[in-house]
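Trainee: This is what each chain is made of:
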Amino acid sequence: MMLGWRGQLLRVSLSGGTIKKEPLERESARAYLGGLGLGARLNAVEATAPDAESNLIFMTGPLTGSLAPNGGRYTLIAKDPVGNIIAASIAGNWGAELKFAGYDGLIFEGSASELSYLWITDGAAELRSATHLHGKTVAETTELIRLETDEKAQVSCVGPAGENGVSFAVVVSDYASAAGAAGIGALMGRKNLKAVVVRGTQGFRVAQPTNLLELSAKLRRRVAAAPIALQGCVLYETVLMADALAADDRAPATDIARPRGCLGCASAFSSLVDGTTGTQLLRLSGEKQPGRVGERLAQYRRFTDLGLDFLAMKSVLSSLGVKGEDEETAVACRTAFGDGPSATPSQDAQASSGRVQQNEYAPTERSACLVGDYAVIPRLANCFRCESAHTRGGSQRLMAALESAGLCPFVAAVLDAETSAALLQATTGIAFSPEEVLLAGERILESLGARGVSQPSAAHAVSAIRG
Amino acid sequence: MGVLLITPEKCTDCRACELACSLSHEEEFNPARSRVEVLAWDRGAHSVPVMCLQCEEAGCMAICPAKAITEDRASGARLVNGSKCIICRMCIHICPFGSTYYDVKGRKILKCDLCSGEPECAKVCISGAIVYGERSKANIDKRKQAARKVKAIVRGAKR
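Chains X and W are the protein sequences, given in the same order. The first sequence begins at 1 in the numbering used here and counts up by one. The second sequence begins at 1 in the numbering used here and counts up by one.
Rather than coming from a laboratory, the hints here were simulated on the basis of the structure. Remember, it's a predicted structure, so these values are computed and weren't measured experimentally. Incorrect hints may have been included.
To be verified - Restraint-style ranges between C-beta atoms, simulated for each label pair: (1) Glu214/X to Arg73/W: 25 to 35 Å; (2) Ala146/W to Glu151/X: 35 to 45 Å; (3) Gly76/W to Gly16/X: 51 to 61 Å; (4) Lys20/X to Gly128/W: 41 to 51 Å.
All residues carry an ideal CB built from backbone N, CA and C; glycine is no exception.
Given these sequences and hints, build the entire structure.
Mentor: Listed below in structure tokens is the structure:
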């Protein structure tokens, strides 16, 4: 039995309507950890005809759904038409729920004859018709599906934009956490897959529960105390992010200022808080908050609900010269429903929400996820630039390894390779050394087609930005 | 003897308490077998960790026909003695908070036992929504807060 991993994948042939369980290979799990790395590996080794549609893979890591700080992450992986790996990671409850249900990952092949969703509950899985969900927004879809499955089910779905093949469509879970990279939402829509719905009560075991509990409690405090790349200011041109208000003892002035976190998050990053006033600006209920930032966040909410990448949509709007809230919403709606202007985001937006880049600094493939692209990672990337040349590669490798293992990549700013190895060891029972973690990171970066980093082991790679 | 103090407005819905609880008691990550549950509504805009509050006049203790629920004097917890319990689920019916559960997988009753006086949920709750402290001191902050309000009102009245 594998510990940490569930040791089981589900292969869903959408064209044939068949669902098959498959073992997860222990060796590749050890080498590529999970998430990003394992998904890219799986996609790379699967020989598909050159013009065949890419598989879509949902993959968690051994630390997804564990107590490890910010361990709510899973990754969507596919190939673009040229054969490059595209991936977007996303945080929230969905990935952990999949593991509780018994699977590390899902592989979707082909496309369904009619709009469908996959319903997984504790090892059982069935494809159901989703024709009644055609054109429904993310929130509507989530709620309707919960009514017909389980009120505690976790839903990862596309909005109208994905269904209509908009090039910058995102996949959304937990209502507002969006994963978007080079049209991964459009790919899901093209497969006629509206949603993947999971409910799991089986749980998963780890190698050293007591050690992991102690280590996690310690690391969670460390992450909560760290000023990770954030100064509590909301960026106007991107969205987000909040300071770790959760660690603040000052009682919020009103109930609006409640920080929110993804599953396992020690930083409560998914709260959208105005840095100057400490007011939460985006209530998940969609209630509008005052001020310019409030408007912007309400807009983020609307665009995400339609299944659109916020940043890319803004770029389209500005290139079309569309102004005013009502007009912008109208154009966004038309775009999502497929009869909008010829929607091509500008180079900038594509770069930031786009595909794997060969850029030495830009962290690859972490695009329009709520944490990933909008504010945190670019800032973190700036921090990495300050590092000396021989440590830079290490932090990139560590980020890749942590993200694949199922943590938010930016905890690389707080955890070093030693603690990451200790976490992996307590979870999986495999004696990971810090060097092995970095080596896994390098393997993952290579499998993504990013430039290999061949510097010597840099265990304390991110120490430069930790202090 | 301590008490768990819940401050819902600090809860971030990260569910670390559920993970820690199920790991320490059942040696697996499984919120379905946790003795604490974070309930969220309004699409996650509000959330509250719900768990056994170790009632002084505990209904579960009174109703248990097997006398399987007893008070642990050291921690103050009401504990279910698995060897006496006949799993009749009367404790589940009577609990006003719904904080006793039937564990389908382990075929037993789940109920918060305060981890022998060191609750793991409180240890991993970095937002401070779940705090474990001395009964006399646990809610001192709330009392101080209330006192400050009174003070402000009194000052205002004088002016």
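Trainee: List, from low to high, the hint numbers that the structure doesn't satisfy.
Mentor: The structure conflicts with no hint, since it agrees with every one listed earlier.
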